[in-house]
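> Each chain, letter by letter, is given below.
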Amino acid sequence: MGWSWCRFAGGRQISGSHEAAVASDFRRCCGYLRPIPAILLLTFVAGLPSLKGQSSTATVGQPDASHPLTVVSNLVGSNCGTPYTSSSTTVYTQPGFQAFTWGPHYPPTMVTTGNGAWNPATRTTTTSGGGETNTETDTLSAAGMLTVNVNDTYNLGNGETEETSASGALDLNTGNWSTTVIVNVQNGCSTGVITENATAQLPITLTPSAAPLTMTINGTPSNQFLDAPQGVTNTPYSLTATAAGGVPPYVWSASGLPAGLTLVQSGSSATIQGTPTTPSPVSGISVEGEFFENIPLPTPCTLTVTDHDGTPVTAPFLMVVGGLEVYPNLSPADKTQLGVVGTLELATGVAVISFYGGNPEVVATCAASQACLLFINGLISTLLQRGLTDFSNALDPLDTNYMQIYQPVIPAPATVPAEQGLSEADVQSLNQALQNQAQIQGLSEAVMVSLDRAAGAQQANSLLWSSAQLQAGKWYALQLSGYMAASPGLLSAASSALFSILPPAVLTASDLESLQSQIVQSGFPAGVTVANPSASQSLIGDLSLTSLSGNLSDFLSGGNGSSLLGISFNQATQSAAESYAQFGADRNNDLAVNCADLGVVKASFGTSSGQAGFNAMADVNLDGVVNVLDLALVSQRLTTGLQCH
Amino acid sequence: MGCKASFLAVTAFTLVSAVDAQTSTAGISLQAPSSVMVGNPLAVAVNISGVNNLFAFQVGLMFPPATIAAESTSGGQFLPGYFVPGQIDGTNGVIAAVAGAEIGMVAGVSGNGTLCTIQFMPTAIGSATISIPISSVILLDSNLNEIPFTVTGSTVSVTANLCDIDNAGTVTVTDVQAVINEAFGSASPSNDLNGDGEVNVVDVQLDVDAALGLGCSAAA
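First to last, the protein sequences are chains A and B.
Here this note's numbering is used: the first sequence runs in plain steps of one and ends on residue 645.
Here this note's numbering is used: the second sequence runs in plain steps of one and ends on residue 220.
These are computed hints drawn from the structure, not numbers from a lab.
Since the structure is predicted, the reported quantities are computational estimates derived from the model, not experimental observations.
Think of the CB as a built atom: it goes at the ideal place given N, C-alpha and C, for glycine as much as any other residue.
Some clues are possibly wrong.
Stated by the list, open to error - On the chain A side, residues computed to face chain B include the following (Cβ under 7 Å): (1) Ile182; (2) Cys189; (3) Leu598; (4) Lys602; (5) Phe605; (6) Gly606; (7) Asn627; (8) Val628; (9) Leu631; (10) Ala632; (11) Ser635; (12) Gln636; (13) Thr640; (14) Leu642.
What the hints assert, rightly or not - Pair by pair, the computed Cβ-Cβ distance ranges are: (15) B/Asn167 x A/Gln643: 47 to 53 Å; (16) A/Gln643 x B/Pro41: 47 to 53 Å; (17) A/Asn588 x B/Thr170: 44 to 50 Å; (18) B/Leu144 x A/Pro236: 50 to 56 Å; (19) A/Thr137 x B/Gly104: 55 to 61 Å.
If we strip away everything but chain B, and leave its shape as in the complex, we get:
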């Protein structure tokens, strides 16, 4: 039983802000799955670590629009308060001015957590490097002084959709029928979507889900 080739390729890269790194330097990084299939939603978390007294943040991202499409942004749990979703430029692959701030004369938050989450939709096979330009980041403490930081980007491999049996780009009833044929023995069982060693009704259901837009959640 064969499978479509899927691979993991994660590349982390770190940049340091113009502010000299000090003991209180915070780290900003992206948390994303190493790979995702076309058509499956991709959530990328913008995390922060080692921060002290964070009152407000602003961050921007860059992404390859030919591979993934940005759909929305949402605030994280780490910094409660007011969230600005920013602007998504799907043509140039830029998400600008995503921000959040606490409300009131309160102390900032410290430690590690998620600042915000970006929802993407993979659209084509390839490698999707998501980065955070240093110039897009501002971290403010409760005295509204800037907090030094480093940033770490991420690369996500976008693989073919296993459920797209005919490689047509989308999962349709044709793909479902192909899996059915394999499950019933009328075709060679080459698409074991869940990787359990056989093509059966479970694989059929996975493809049906994919055809319905629920993503192909088959195991890689």
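Chain A on its own, in the form it takes in the complex:
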């Protein structure tokens, strides 16, 4: 490793160095000594784990005033029976040491300037000749530790020898460098041992040397790929992903794939392929036993690619196998014409009803169909009359898991006659009610958006689809409601959903911009905006949607008059419900529910909104007062037996 021995590495004695001084002492003592090898300093390049997600190079600098190299030297010798000792410390603050380079990626290739290529990581070099034998072993670990061991013997003739052993280690992550050199000289009747210990913390500069590893699925960046195209049982399926950047080669893996599908890797690409054999499970939920049944629950899948540096990129997405069958009591004609779609889902154990805006152009048609109108009216009427007062009764079959969670905390808005639609105040009241429900159910946040129907239809679905990419971690409520001011013959639409997203779990303006971008890119008419509550009602006609069984792009590109055939956005499992309830007690947003969350409530205990010391995070049930109910809502979520003070 370029341990710069003077004899075979260019012969360099450091002028004025401490070693030279000690050697001089020893010469006076013992009469002969070769120059002591200089403690090397290096400049090299190597792949490091320090820059996660990217291959990087590390440059180790030279000593300077801020990074001194300290050498402590001790000499113990005997000049034909006369003891001799010497010791001193020398600090080097100037560069001037031999340098060499590794790079650009390690592993597998390690190149050293002037010393050839190293592969594998450990290299042993033996050199002999001229009475000298030198063996040097250098090892670079994946963790960035460079270790060096050198053994050198030199036959001085006449039975006189000089043996040198040196070892050192350089931590490429910190620049910590230490080495020990021991020189043992037998020169006739004179003997001596020089022990030198050198330490330094050398400057390290990390520089990215490769583009970050990325993945695209079906041409979509993995972080935007939310839902795989739906699979159909007994029908061949294929979904291709491609990796770029990072340090090839790549290794692919997948999890959660429906039965019959496998992952096949080919170079930088991988394909999920096969023939699905089993349809996705269904929720088996209906409202009043007739509206919504057999809604498939998407299967959460992940696709991961890892580059040679060990950097993974994982894409979670949802996949559904099987067709959808909702509204079994509606005729095919009604389904086609229906501009309002409702789904009842088991979102994290809580029944959630979603509606999407209708289409005035189909209203007339729908109005002519009593079944269509009855469906719409009945669905919304059920929501308002039962959903906000005794929603559990609307579930069929009844399930205590859901009933216990749903606890409205404010009076429901007045029942609205089906023919009149909802007023804006009704919508706001609905939102407030749902928000309170979200809170009392233990949600971390509630994202409330009130829109007109035109934007509402889009935004509801866009946000819900978007939420799928955000993974678990925290649970949020998303509620969207539409006000159909221009369509008195059609009831207002409202949608709500519960979903989980990854921290920072807040839908920001950029999130909405992203959704807007998706809408535009999907060919939706200009002017259809996300989070624009004043979107023109005239756009309603353009917002009628096609089947929701596909991905977002398919959904958004639907034509007029198409109907939505239902979708389920969430997986309904008891564990998810428990998790969601659990995290509702995470009052300090640290992704854990523990005594600290009780402390948040305690710190504001007894205060009311507007008072000094009031903290909205402590007001778990959003009633404007921090009291024992808030305390209990959190304490119930803690582990039984936990001691909090």
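Could you slot chain B onto chain A? The hints should help.
Chain B only, in chain A's frame:
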């Protein structure tokens, strides 16, 4: 041998919560000594009785700040878990938002016991009525439903400190010396602090304790 006048006066009063009393109605009451001397610590227990499935409670108290001063609150043994000591407003005589809750999805506790204890320090002679405003009380069962309750307040008579011989308001060495004088016959034995029929070294020690802030624990 004379004694300072001390009297017992306990008045109990009961209020019923807005929730109609039912068979499961719990009773909240205060447990306090009938009288206490100025300078002697006063512990008032907030007890509950006849409660079923109690998971959490919140309670507040009112007290006359001119007579007694609230010093601290502590949780009782009846409801294990997390305790919130609440806020003490010594100026207006209010102790607000003292609370406790069990931890975890556990059943509530049932029966009788002490929810919390309030430590007061009597500061002036008089009658100290301690009450629990109904509006300050919330009892929750393990389903977080409210439990109906009644409350019973208490009145404590704060009497003069027997050890404060010169009625100066505090017990000092002057009071100790006065008892010594009586014990040694150089003064009329009028302060038999322990009520054993004579003034002797025991009475002196009681007054010394009082002067040291340990309270005048003489018998009434």
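> Give a verdict on every hint.
Status of the hints after comparison with the structure:
1. For A/Ile182, the shortest C-beta to C-beta distance to chain B is roughly 62 Å, which exceeds 7 Å, and the interface hint is violated.
2. For A/Cys189, the interface hint is violated, the least distance from its beta-carbon to any beta-carbon of chain B being 82 Å, above 7 Å.
3. Given hint, A/Leu598 at the interface with chain B, holds; its Cβ is 5 Å from that chain's nearest Cβ, closer than 7 Å.
4. About 5 Å separates the beta-carbon of A/Lys602 from the nearest beta-carbon of chain B, less than 7 Å, and the hint is met.
5. Proximity of A/Phe605 to chain B holds as hinted, the smallest CB-CB distance being about 5 Å (cut-off 7 Å).
6. Using the Cβ-Cβ criterion of 7 Å, the hint placing A/Gly606 at the interface with chain B is satisfied: the shortest such distance is roughly 3 Å.
7. Against a cut-off of 7 Å between C-beta atoms, the interface hint on A/Asn627 holds, since the closest Cβ of chain B lies about 6 Å away.
8. The beta carbon of A/Val628 comes within 4 Å of a beta carbon in chain B, closer than 7 Å, and the hint placing it at the interface holds.
9. Interface restraint check: A/Leu631 against chain B, minimum CB-CB distance 5 Å, threshold 7 Å, status holds.
10. At about 4 Å, the closest approach between the beta carbon of A/Ala632 and any beta carbon in chain B falls short of 7 Å, and the interface hint on this residue holds.
11. A least Cβ separation of about 4 Å between A/Ser635 and chain B falls short of the 7 Å threshold, and the interface hint therefore holds.
12. Hint status for A/Gln636: holds, given a least beta-carbon distance of 6 Å to chain B, under 7 Å.
13. Because the closest C-beta pair between A/Thr640 and chain B is about 3 Å apart, less than 7 Å, the hint holds.
14. Interface hint at A/Leu642: satisfied, since its Cβ lies 5 Å from the closest Cβ of chain B, which is below the 7 Å cut-off.
15. Taking 47 to 53 Å as the suggested C-beta distance range, the pair B/Asn167 and A/Gln643 conforms, at roughly 48 Å.
16. Here the CB-CB span from A/Gln643 to B/Pro41 is close to 28 Å, at odds with the stated 47 to 53 Å.
17. Our hint of 44 to 50 Å for A/Asn588 and B/Thr170 holds, since their Cβ atoms are close to 47 Å apart.
18. Remark: the range hint 50 to 56 Å for B/Leu144 to A/Pro236 is upheld by a beta-carbon distance near 53 Å.
19. A C-beta distance of roughly 59 Å is found between A/Thr137 and B/Gly104, which places it inside the suggested range of 55 to 61 Å.
Comparing the model with each numbered hint stated earlier shows that hints 1, 2 and 16 do not hold.
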